[in-house]
Amino acid sequence: MYVAVKGGERAIENAHRLLANARRGDQSVTEVTLDQISEQLGLAVDRVMSEGSLYDRELAALAIKQARGDLIEAIFLVRAFRATLPRFGTSEPVDTGAMRVQRRVSATFKDIPGGQILGPTFDYTHRLLDPSLAEGFVPEVPAAAEASTAPTPRVTDILGRDGLIESSPEAEDGAAVGDLTREPLNFPADRDLRLQNLARGDEGFLLAMGYSTQRGYGRNHPFVGEIRFGEVEVEFAAEDVGFAVPLGAIELTECQMVNQFKGSATEAPCFTRGYGLAFGQSERKTMSMALVDRALRARELGEEALAPAQDEEFVMSHSDNVQATGFVEHLKLPHYVDFQSELGLLRKLRQEFAEANAPDAMKEAAE
Amino acid sequence: MTTIAELPPGFADKVLSAQSTFRSVMDAMARPGSVQRIVPMAGAPGVMMRGTAAIALTLFDHDTPLWLDARMAESSDVTKWLKFHTGAPVVQDSSVASFALISDGGALPALERFALGTSEYPDRSTTVIIQVDSLSSGRSFELRGPGIDGVAALHASIKPFDLFERLRMNEALFPRGIDVVLVADDAVVAIPRTTRVVSKGS
Amino acid sequence: MNAPAYNFAYLDEQTKRMIRRAILKAIAIPGYQVPFASREMPMPYGWGTGGVQVTAAILGPQDVLKVIDQGSDDTTNAISIRKFFAKTAGVATTTATDEATVIQTRHRIPETALHANQVLVYQVPIPEPLRFLEPRETETRRMHALAEYGLMHVKLYEDIARFGHIATAYAYPVKVNARYVMDPSPTPKFDNPKMDNCPALQLFGAGREKRIYAIPPYTQVVSLDFEDHPFEPYRFNAPCALCGAENSYLDEIVTDDKGGRMFVCSDTDYCEGRQAAGHHGSLSAAPYKEKAGSHG
Chain A
1 MYVAVKGGER AIENAHRLLA NARRGDQSVT EVTLDQISEQ LGLAVDRVMS EGSLYDRELA
61 ALAIKQARGD LIEAIFLVRA FRATLPRFGT SEPVDTGAMR VQRRVSATFK DIPGGQILGP
121 TFDYTHRLLD PSLAEGFVPE VPAAAEASTA PTPRVTDILG RDGLIESSPE AEDGAAVGDL
181 TREPLNFPAD RDLRLQNLAR GDEGFLLAMG YSTQRGYGRN HPFVGEIRFG EVEVEFAAED
241 VGFAVPLGAI ELTECQMVNQ FKGSATEAPC FTRGYGLAFG QSERKTMSMA LVDRALRARE
301 LGEEALAPAQ DEEFVMSHSD NVQATGFVEH LKLPHYVDFQ SELGLLRKLR QEFAEANAPD
361 AMKEAAE
Chain B
368 MTTIAELPPG FADKVLSAQS TFRSVMDAMA RPGSVQRIVP MAGAPGVMMR GTAAIALTLF
428 DHDTPLWLDA RMAESSDVTK WLKFHTGAPV VQDSSVASFA LISDGGALPA LERFALGTSE
488 YPDRSTTVII QVDSLSSGRS FELRGPGIDG VAALHASIKP FDLFERLRMN EALFPRGIDV
548 VLVADDAVVA IPRTTRVVSK GS
Chain C
570 MNAPAYNFAY LDEQTKRMIR RAILKAIAIP GYQVPFASRE MPMPYGWGTG GVQVTAAILG
630 PQDVLKVIDQ GSDDTTNAIS IRKFFAKTAG VATTTATDEA TVIQTRHRIP ETALHANQVL
690 VYQVPIPEPL RFLEPRETET RRMHALAEYG LMHVKLYEDI ARFGHIATAY AYPVKVNARY
750 VMDPSPTPKF DNPKMDNCPA LQLFGAGREK RIYAIPPYTQ VVSLDFEDHP FEPYRFNAPC
810 ALCGAENSYL DEIVTDDKGG RMFVCSDTDY CEGRQAAGHH GSLSAAPYKE KAGSHG
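Chains as they are written, first to last, in the working numbering: chain A, 1 to 367; chain B, 368 to 569; chain C, 570 to 865.
Just so you know, these hints were derived from the structure itself, not from any lab.
C-beta atoms are modelled at their ideal positions from N, C-alpha and C, and glycine is treated no differently.
Just so you know, not all the hints are guaranteed correct.
Claimed, not checked - Straight line, CA to CA, 30 Å or less: simulated DSS-like cross-link-like pairs of lysine-lysine:
| hint | chain 1 | residue 1 | chain 2 | residue 2 |
| --- | --- | --- | --- | --- |
| 1 | A | K262 | A | K110 |
| 2 | B | K381 | C | K656 |
| 3 | C | K652 | A | K332 |
| 4 | C | K652 | A | K65 |
| 5 | B | K381 | B | K450 |
Stated by the list, open to error - Computed, partial: chain C to chain B, Cβ under 8 Å:
| hint | residue |
| --- | --- |
| 6 | Q583 |
| 7 | P630 |
| 8 | Y718 |
| 9 | G719 |
| 10 | P785 |
| 11 | P786 |
| 12 | Y787 |
| 13 | V791 |
Work out the full structure, taking the sequences as your base and the hints as a guide.
Here you go:
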């Protein structure tokens with residue numbers, strides 16, 4: 001007697017209990033706290049906030065803990081929560097020129113107004129495993145100067161003053177900013193939607209795409225005009241109040257790439273821009289994003305779009321890791337109904353093949 | 368002048384009333400010519416029928432530009448009520464409207480003036496909601512098309528009298544076209560762009 | 570912490586309005602894929618988020634919901650989705666096709682004929698039937714606009730040239746209301762004829778690809794074919810081993826590693842209903858004896 005598979009409900013419940021236990025691990029080991037994740041795995045929290053599109057360190061830390069450190073799973077948790085939040089409106093554009101910078105480097109000028117500020121960075125660390133970090137590590141106190149009041153104008157603004165770089169495209173007054181989480185994406189997409197897509201895009205995917213442009217698949221001669229990381233104020237203009245209300249400060253990383261110049265008979269040559277912006281300290285992400293943003297501007301700048309990174313439909317349709325992981329992983333769901341249909345067809349084709357070839361085989365054997 | 372506090376109320380239970388109203392409209396659209404009832408009661412301002420009011424509360428919001436015919440637009444109760452309960456922006460240009468509300472069918476503008484969609488995006492078209500006298504008595508019409516098992520009979524008293532003649536443009540335009548929702552008090556009938564109507568006289 | 574609180578049927582009202590508007594346009598333009606701003610759902614993309622959003626937008630407290638995956642109410646993903654709605658919408662659920670008012674499905678259409686008071690909601694992974702011929706949305710959209718489906722016929726004909734048959738066994742393309750070529754979702758082609766002139770409303774949700782489409786009741790749905798190579802539904806030629814049905818779609822069960830196979834109905838509700846009505850297959854004749862034997 002054959003009994004069809006049942007008891008899926010109990011199996012699911014027990015799988016959840018197994019997961020909860022695996023997540024907790026050996027219970028004689030102290031449980032990790034959200035503060036610890038937020039403070040000591042800060043870059044993971046930054047990435048989850050960026051690609052999860054939600055600036056909330058505590059929720060991102062919770063998501064990382066719940067996801068057992070699987071960052072794409074954590075991003076998914078944050079996105080699913082974000083999707084249920086009511087929307088009050090759009091903030092005023094943040095002014096990254098007024099950022100309280102903790103780190104700021106330019107590759108295009110030796111010195112810049114406000115100075116180069118190395119800040120907290122892996123750059124120039126020697127990548128040697130450090131056993132002293134294994135436990136009880138107390139870092140040395142860093143040298144701290146008085147916070148400088150010197151302004152730190154953006155390098156691209158300095159270049160822009162002389163017309164050496166194209167002006168940053170400005171939206172028309174009152175034009176609504178696109179939001180691909182609220183409206184279905186159509187192609188061709190404008191730059192606001194492209195940038196939103198890239199900001200939410202998978203860091204690894206953007207890294208590979210950006211890298212491919214450097215290797216010649218849509219090369220765009222990038223120079224890091226500037227990378228800056230620090231705090232900016234967010235303001236919200238409430239219609240009924242009549243003025244902008246400060247909501248608080250958030251940490252951002254901004255990368256402004258200075259790229260291949262353009263020009264024509266009617267237009268003086270000037271450098272072009274690629275832009276990257278992310279929550280928290282996310283330099284690899286913002287640099288990759290700026291490379292891909294510039295590559296995706298091929299159409300707008302009259303360049304031939306031949307490389308993968310220049311193909312907006314390809315890039316925007318595959319950049320989202322929550323979509324990608326869902327569809328790749330859905331292959332483990334049962335597909336036996338369609339497989340059965342395919343199997344039936346294949347058996348029929350094989351039978352016909354065998355019948356068609358059988359006389360030949362017998363003939364050969366006889367010869 | 369009416370203050371917001373004096374405006375007729377919206378749904379008592381927003382979530383379940385919207386769901387129930389939607390199902391009536393969905394069934395109407397899926398079965399053209401069938402008369403569906405809208406059960407949940409909301410207040411209805413001025414010249415707006417209660418069925419229309421329920422549909423507005425169910426489908427309109429900031430993302431749906433709305434065109435009002437003169438009789439609707441002239442009623443400050445209607446415009447205030449719509450703004451307060453739905454937030455839908457009222458537009459003057461009917462060709463960008465997601466929905467149009469018609470209270471005076473006799474003055475229905477040429478249908479070409481509404482959004483007809485494009486060949487690539489035929490869904491970007493206006494749904495025209497027309498208030499009519501009756502969806503249970505009046506002239507009889509024979510309807511055919513998707514959603515109809517053979518032929519559906521509709522008895523209705525409708526203005527403009529030549530509405531179905533005008534809707535014949537949908538035949539040539541398809542997949543572009545206009546979808547119409549007829550409302551009489553709490554009764555709803557939908558005539559999507561695929562429905563072909565033959566008048567059978569009185 | 571901002572402790573989450575969720576709405577009836579999970580989705581917020583603004584999202585439901587947006588999906589409801591898309592559903593109405595989908596019904597008005599049979600077979601046309603309406604773009605919609607699909608939301609992130611609390612289950613992964615590719616696991617039914619489109620179907621779940623459509624169901625959440627139409628479901629009310631008076632509904633009775635059935636969820637199947639591969640024809641079965643008991644597959645893990647079907648259970649998971651059914652529990653989601655039982656929890657977030659408090660609706661009654663059933664496994665009986667007849668009793669359901671809303672049926673969400675992945676990969677099958679029930680064997681029991683649907684009736685006019687039902688809505689069948691399909692989960693769709695790739696809604697674009699032309700996608701595997703032309704990966705670009707801008708191109709496929711143009712092809713639909715012009716009803717330019719020659720490429721699809723060329724592909725089917727190349728199959729015939731190479732294999733002697735149309736080599737598509739599931740997600741077999743159909744033409745709806747003599748206009749749009751449509752992907753029926755990865756149902757076996759056995760199910761295609763059930764879509765034609767069906768009394769129930771059929772809605773299709775593709776969450777990751779952000780598309781909703783529909784077949785209104787009593788609408789013509791034709792599987793693409795050629796005069797000299799007509800469409801043929803496929804079914805393994807055997808009765809169900811449990812209920813003896815000779816006209817239902819069958820799952821192949823591998824019983825050992827020596828070539829042992831058995832075939833049973835994929836639609837578990839249909840199969841159980843037939844067994845309850847006294848129909849038997851070759852393997853269901855004497856279950857109690859065997860059980861007694863195993864104790865002895």
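Hint by hint, here is what the structure shows:
{"no.": "1", "hint": "K262(A) / K110(A)", "verdict": "holds (25 Å)"}
{"no.": "2", "hint": "K381(B) / K656(C)", "verdict": "holds (20 Å)"}
{"no.": "3", "hint": "K652(C) / K332(A)", "verdict": "holds (20 Å)"}
{"no.": "4", "hint": "K652(C) / K65(A)", "verdict": "holds (25 Å)"}
{"no.": "5", "hint": "K381(B) / K450(B)", "verdict": "holds (16 Å)"}
{"no.": "6", "hint": "Q583", "verdict": "holds (6 Å)"}
{"no.": "7", "hint": "P630", "verdict": "holds (7 Å)"}
{"no.": "8", "hint": "Y718", "verdict": "violated (14 Å)"}
{"no.": "9", "hint": "G719", "verdict": "violated (17 Å)"}
{"no.": "10", "hint": "P785", "verdict": "holds (4 Å)"}
{"no.": "11", "hint": "P786", "verdict": "holds (5 Å)"}
{"no.": "12", "hint": "Y787", "verdict": "holds (5 Å)"}
{"no.": "13", "hint": "V791", "verdict": "violated (13 Å)"}
Consistency with the previously given hints fails for numbers 8, 9, 13, ordered from lowest to highest.
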